[in-house]
Amino acid sequence: MKHARAFFYLFSLFFAIALLFGSSSGFCASENLEITESVAARAAHLPPLWLALPFVILLVMIATGPLFYHRFWERHYPKLSLGFGLVVAAYYAFLMEQGTSLLVRTLEEYLSFIALISSLFVVSGGILIRINRRGTPLTNSLLLLFGAAISNIIGTTGASMLLIRPFMRMNEGRLKAFHIVFFIFMVSNIGGALTPVGDPPLFLGFLKGVPFFWVFQKLWLPWLLTLCALLLLFLVLDARSGSGELKEVEANGGVSVRGKRNFFYLALIIGAVFLDPAVIQGFPSLQERFHLPFGIRELMMFGAAFAAYKTANHDALKGNAFNFEPLREVAFLFIGIFATMIPALALIAFYAETHAAEFSLSRFYWMTGVLSGVLDNAPTYMNFLAAASGKFGLAITSPAAVKAFAGGIASPVPGDSSSALYLMAISIASVFFGAMSYIGNAPNFMVKNIASQAGADVPDFLQYIWKYSLPILLPLFILLWLLFFNY
1240 MKHARAFFYL FSLFFAIALL FGSSSGFCAS ENLEITESVA ARAAHLPPLW LALPFVILLV
1300 MIATGPLFYH RFWERHYPKL SLGFGLVVAA YYAFLMEQGT SLLVRTLEEY LSFIALISSL
1360 FVVSGGILIR INRRGTPLTN SLLLLFGAAI SNIIGTTGAS MLLIRPFMRM NEGRLKAFHI
1420 VFFIFMVSNI GGALTPVGDP PLFLGFLKGV PFFWVFQKLW LPWLLTLCAL LLLFLVLDAR
1480 SGSGELKEVE ANGGVSVRGK RNFFYLALII GAVFLDPAVI QGFPSLQERF HLPFGIRELM
1540 MFGAAFAAYK TANHDALKGN AFNFEPLREV AFLFIGIFAT MIPALALIAF YAETHAAEFS
1600 LSRFYWMTGV LSGVLDNAPT YMNFLAAASG KFGLAITSPA AVKAFAGGIA SPVPGDSSSA
1660 LYLMAISIAS VFFGAMSYIG NAPNFMVKNI ASQAGADVPD FLQYIWKYSL PILLPLFILL
1720 WLLFFNY
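In this note's numbering, the protein residues as written are 1240 to 1726.
Hints are computed from structural coordinates only; laboratory data are not their basis. Source: prediction; values computed, not measured. Incorrect hints may have been included.
Simulated DEER-style distance windows between Cβ atoms [claimed, not checked]:
1. A1478 x V1609: 38 to 44 angstroms
2. A1506 x R1528: 26 to 32 angstroms
3. P1651 x F1452: 40 to 46 angstroms
4. R1567 x H1284: 33 to 39 angstroms
5. L1288 x G1654: 34 to 40 angstroms
6. V1295 x Q1702: 17 to 23 angstroms
7. S1599 x A1634: 18 to 24 angstroms
8. L1292 x L1464: 22 to 28 angstroms
We put the CB at the ideal spot given by N, CA and C, even for glycine.
Turn these sequences into a full structure, and let the hints guide you.
Structure, rendered in structure tokens:
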């Protein structure tokens, strides 16, 4: 509670801007700027380059704080995140033309993000799954594959929160750092690439007009190849790690579940994801009617989380060692990330859209991927979707145009790839590269925190990158590029 006041200040600034300027600034539009605006007019709305420094500094501190100044970082990271966010928010509120609309839209995105993350975290925390089997290379691989599959139904966050604790319990006594890392790779990121429910970038594309089943039809082969490669490598590493001091389990084996009523709340949350005017024609929008930065969807998610916690099975909560610290860390860090990355995204989007005609398919793949590893992958996806659509003479303000873009139209550049391949590259890169760092996707941070609280060997921010994601994931992503996007 000691940092609640600072959190309240930043949240209040966003919310006040939403109420005061929401109706006049048109914050319900989801694009940064109209594609038809002149380059000069759009350049006039850009922030100064130095305003991206708070994001860079915050990113560096997230990477180095737990390693080099652990005590200071643990005590003060909420203040630092909120402080950097307030600097950017204040500049946009008082010194930037159209800055209020960007701040309001950022608040809307943050509330949607935290509503989904917190509701899935709380609801899954009340479900205690005990798998009465020893952790072996085969059983671990089957659980990871199962988690990757169901992440397309309940989202990467839902699957991660539901399975990380049973996965660690199965391997108690032999749990190594690579177990946690591969769980993040497969369940928290890459697994959710087959449906719009799986990962936030794909859901944003669905809201814009990408057909629901387009994702499965186009991405199943890269998804399968990547998961198979990771599973084979995991099997080798797990077999070489030995049995350790694995604890005995009940002879009858099987799976037991406590807190089953929370599956109802889980279904409610997943259903609420689709309560959007872009999905259900004529569905009421609180944003448009009352100029609020949240809607019925967010209210339902928060309500489901509250009801699930109040009616939770206490044995399930105790068995999961449930507490709010992982959610607290994500909430504080990501409100700072969401605020400080506004100018960084604006500058990146301007460059990408004004140079889109020069960008090859390879460049879209790599730029989307690299930035998804260090920025939140959902807005990165949206910016490059807008840039790629602009290259084909389309605007993402039109669902029909986005649907045509997904369907595949010929490029105006002779010998270039079709628009569908561009969307494939952006989709794969935003989802898969989210596994490159802890901040690429919110479940990464939550899994790390839960594992750390359980006393597991968890790599720090830099170790995760240089010891695991770069040597393991990068070669796979290069292979995907060579097979599908090397144009």
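Structure-based check of each hint:
no.: 1; hint: A1478 x V1609: 38 to 44 angstroms; result: 33 angstroms, violated
no.: 2; hint: A1506 x R1528: 26 to 32 angstroms; result: 27 angstroms, holds
no.: 3; hint: P1651 x F1452: 40 to 46 angstroms; result: 28 angstroms, violated
no.: 4; hint: R1567 x H1284: 33 to 39 angstroms; result: 35 angstroms, holds
no.: 5; hint: L1288 x G1654: 34 to 40 angstroms; result: 35 angstroms, holds
no.: 6; hint: V1295 x Q1702: 17 to 23 angstroms; result: 21 angstroms, holds
no.: 7; hint: S1599 x A1634: 18 to 24 angstroms; result: 22 angstroms, holds
no.: 8; hint: L1292 x L1464: 22 to 28 angstroms; result: 39 angstroms, violated
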